[in-house]
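Novice: Quick note, the sequences are listed as chains A and B, same order. Read the first sequence against our numbering and you will find it ends at 271, with the numbers running on by one and no gaps. Read the second sequence against our numbering and you will find it ends at 318, with the numbers running on by one and no gaps.
Any given hint might turn out to be false.
[Said to hold, decoys possible] Result set (SDA-like, lysine to any residue): computed pairs, CA atoms no more than 25 angstroms apart in a straight line:
id : chain 1 : residue 1 : chain 2 : residue 2
1  : A       : Lys160    : B       : Lys91
2  : A       : Lys161    : A       : Pro122
3  : B       : Lys219    : A       : Val217
4  : B       : Lys223    : A       : Tyr211
5  : A       : Lys169    : B       : Lys93
6  : B       : Lys48     : B       : Val293
7  : B       : Lys213    : A       : Gln200
8  : B       : Lys267    : A       : Lys213
9  : B       : Lys130    : B       : Glu166
10 : B       : Lys210    : B       : Gln135
11 : B       : Lys223    : A       : Asp262
12 : B       : Lys219    : A       : Ser263
13 : B       : Lys42     : B       : Ser62
14 : A       : Lys213    : B       : Lys223
15 : A       : Lys161    : B       : Glu166
16 : B       : Lys224    : A       : Asp257
17 : A       : Lys132    : A       : Phe59
18 : B       : Lys223    : A       : Gly248
19 : B       : Lys32     : B       : Asn247
20 : B       : Lys267    : A       : Ala258
21 : B       : Lys210    : A       : Asp257
For the record, the hints were derived by calculation from the structure and aren't laboratory data.
Each chain is listed here by its residues.
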Amino acid sequence: MTRNSAATLFAIILVLYLSLWGKWALATEYELLYIGPENSSAYRGLQQGLDEANHQGQFLGIGFSLRTMEFDDYVSEKLSDPIAIIANVETEELRQLIKATPDIAIMNIGSASDSLRLACYPNGFHILPSEKMLADAEVQWRKKNPNSSAHARAWHHKFKKYAARDLNKRFSARFEKAMDDRAWAGWAAAKIVTDTLARQGISDHSRLLAYLKEDLVFDGQKGIEMQFRETGQLKQILLLVDDDKIVGEAPVLGVADATDLDSLGHISCQH
Amino acid sequence: MKLKIVFFIFILYAAQANATEPTHRIFVSNEKGNSISVIDGKTLGVIKEIPVGKRPRDIGFSPDGSELYVALGDEDAIAVVNPVSLEVLRKFKAGSDPEAFAVHPKSGYLFISNEDAGLATIFDPVTGNKIIEIQVGLEPEGVAASPDGRYVAVTSESSNLLHIIELPDYKISMNILVGSRPRDAAFNSDSSLIYVTSEVSGDVGVIDLKTGKVIKSGKLEDKKAKPKDIVLSKDEKTLYVAGGRANKIFVLDAETLEVKKTIPVGKRTWGLAIDPAENRLFTTDGVDSQVSVIDTNRNEVIKTIKVGSFPWGVAIHD
Chain A
1 MTRNSAATLF AIILVLYLSL WGKWALATEY ELLYIGPENS SAYRGLQQGL DEANHQGQFL
61 GIGFSLRTME FDDYVSEKLS DPIAIIANVE TEELRQLIKA TPDIAIMNIG SASDSLRLAC
121 YPNGFHILPS EKMLADAEVQ WRKKNPNSSA HARAWHHKFK KYAARDLNKR FSARFEKAMD
181 DRAWAGWAAA KIVTDTLARQ GISDHSRLLA YLKEDLVFDG QKGIEMQFRE TGQLKQILLL
241 VDDDKIVGEA PVLGVADATD LDSLGHISCQ H
Chain B
1 MKLKIVFFIF ILYAAQANAT EPTHRIFVSN EKGNSISVID GKTLGVIKEI PVGKRPRDIG
61 FSPDGSELYV ALGDEDAIAV VNPVSLEVLR KFKAGSDPEA FAVHPKSGYL FISNEDAGLA
121 TIFDPVTGNK IIEIQVGLEP EGVAASPDGR YVAVTSESSN LLHIIELPDY KISMNILVGS
181 RPRDAAFNSD SSLIYVTSEV SGDVGVIDLK TGKVIKSGKL EDKKAKPKDI VLSKDEKTLY
241 VAGGRANKIF VLDAETLEVK KTIPVGKRTW GLAIDPAENR LFTTDGVDSQ VSVIDTNRNE
301 VIKTIKVGSF PWGVAIHD
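Generate the whole structure from the sequences, applying the supplied hints.
Specialist: What follows is the structure in structure tokens.
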């Protein structure tokens with residue numbers, strides 16, 4: 001072998017080695033499945049959450065992508081199992097999805113229906129506050145402020161505390177829209193799934209489901225750590241909003257213990 | 001020739017005069033008071049409240065103790081204060097919304113977290129020049145420099161990461177997922193371990209710098225605990241953690257992370273500074289606009305001192 005061809009061979013081996021090494025060193029990629037309309041507040045929130053997950057992921061060698069489908073297409077096509085499904089669909093469609101894919105975590109960002117919580121599906125995770133949680137928050141609020149016409153919300157674009165200001169700023173800078181309840185739910189669903197995947201190195205959808213149910217501790221930029229109840233509902237503080245102004249938070253101090261998130265909504269499956 | 005020698009001696013003298021004798025004063029930044037409260041280390045009385053600029057948060061000294069730096073979030077600047085004469089000497093622009101910083105023990109450079117921009121920015125406080133900026137996770141907050149000067153740790157709150165910047169390259173060499181909403185970090189004396197507090201998960205994690213792994217984590221079993229500042233005692237056996245809205249200081253065994261005691265202080269306690277010579281710990285209790293003084297032998301509050309509005313950071317000139 002001449003000196004030149006030896007050098008060429010060495011160069012080829014080097015290039016091969018580097019490209020393979022590059023592959024191994026490349027990010028672990030996760031694909032999440034979104035079912036619902038793209039032109040929606042919840043979807044924008046989901047994109048924001050995914051962006052933030054990829055920002056985190058660049059430091060950890062992990063990447064996330066999103067596949068989107070309409071509900072009817074998902075039902076007619078047979079897909080290989082996604083790691084998790086984020087669903088922005090109506091109550092009955094969600095029920096169908098949950099039943100059709102019992103070992104995949106379904107993150108509900110479209111329905112506040114109490115019936116979905118009370119059914120205690122093992123794979124249903126409800127990010128939006130339930131109707132009962134919203135009603136309980138308003139009852140607590142009116143005990144203290146009988147003449148107030150405030151309504152309970154999961155989120156508000158003027159919310160500043162607990163670094164909510166930072167999230168509102170990031171969202172409105174990207175979409176030129178105010179972040180609302182559904183946008184927050186989309187963002188939270190993305191962050192819950194992606195932070196868990198990054199943290200636990202989970203590649204299996206049923207392991208992800210078990211972790212979310214048992215071990216999740218989530219920072220939803222609302223101060224108190226959040227977990228899922230056995231009903232699948234995400235515990236969270238709520239905001240009382242009157243005339244586009246935040247007038248209070250629930251649990252309402254003086255009426256309930258401010259850290260007792262269980263004063264809002266159905267808390268267990270024993271009923 | 002003679003003139004040259006005189007000049008040389010003058011330079012030597014000037015260099016020596018530069019290393020400031022410690023005043024043992026305690027400096028407190030008042031986030032809403034836009035001021036620094038200066039406390040006498042002996043009498044524990046407030047000597048002076050210095051107007052410093054808008055939204056002062058983190059504070060710290062140059063390695064030789066000749067200058068006090070104050071991060072002014074709403075002025076995008078660092079104020080430089082003379083800790084002896086108590087004059088504001090100058091200000092320099094320090095990137096968007098500077099919140100916390102660490103002073104590098106060798107170069108004296110400031111490593112600043114710019115919360116809005118998701119950056120750690122390094123400035124030379126003498127010239128006010130930016131040395132380099134480093135992209136980190138979302139909402140960077142706590143910054144700590146290792147005693148040996150090799151590492152600077154930055155927490156990013158919304159990405160749940162602890163970034164380790166390694167010197168002299170200013171490159172991030174490790175990214176470690178820690179508890180939810182990490183807020184502050186502290187090194188041990190031989191720069192082998194880092195302790196990190198996380199606000200939302202309410203825990204303290206210990207990271208081994210050799211492996212970059214979380215080797216231990218302990219939860220503060222108090223629902224209201226939103227841990228912020230963390231300091232290590234001089235004998236490295238005890239950790240003190242400011243409990244935020246739990247309105248108490250958690251005293252932890254540094255080895256096991258067990259809570260040995262809690263010390264009730266004022267409302268929303270965030271800042272901590274320890275004075276090993278005097279066996280004292282100072283806390284900033286934001287909502288009560290006061291500083292609590294704790295005797296670290298007995299772990300009890302011995303005095304509370306009224307300061308400016310919403311105290312945030314505290315540093316001891318020693």
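Novice: For a quick check of understanding: which of the numbered hints are violated here, in increasing order?
Specialist: Numbers 1, 2, 8, 15, 17, 21 - these are the hints that the structure violates, sorted from lowest upward.
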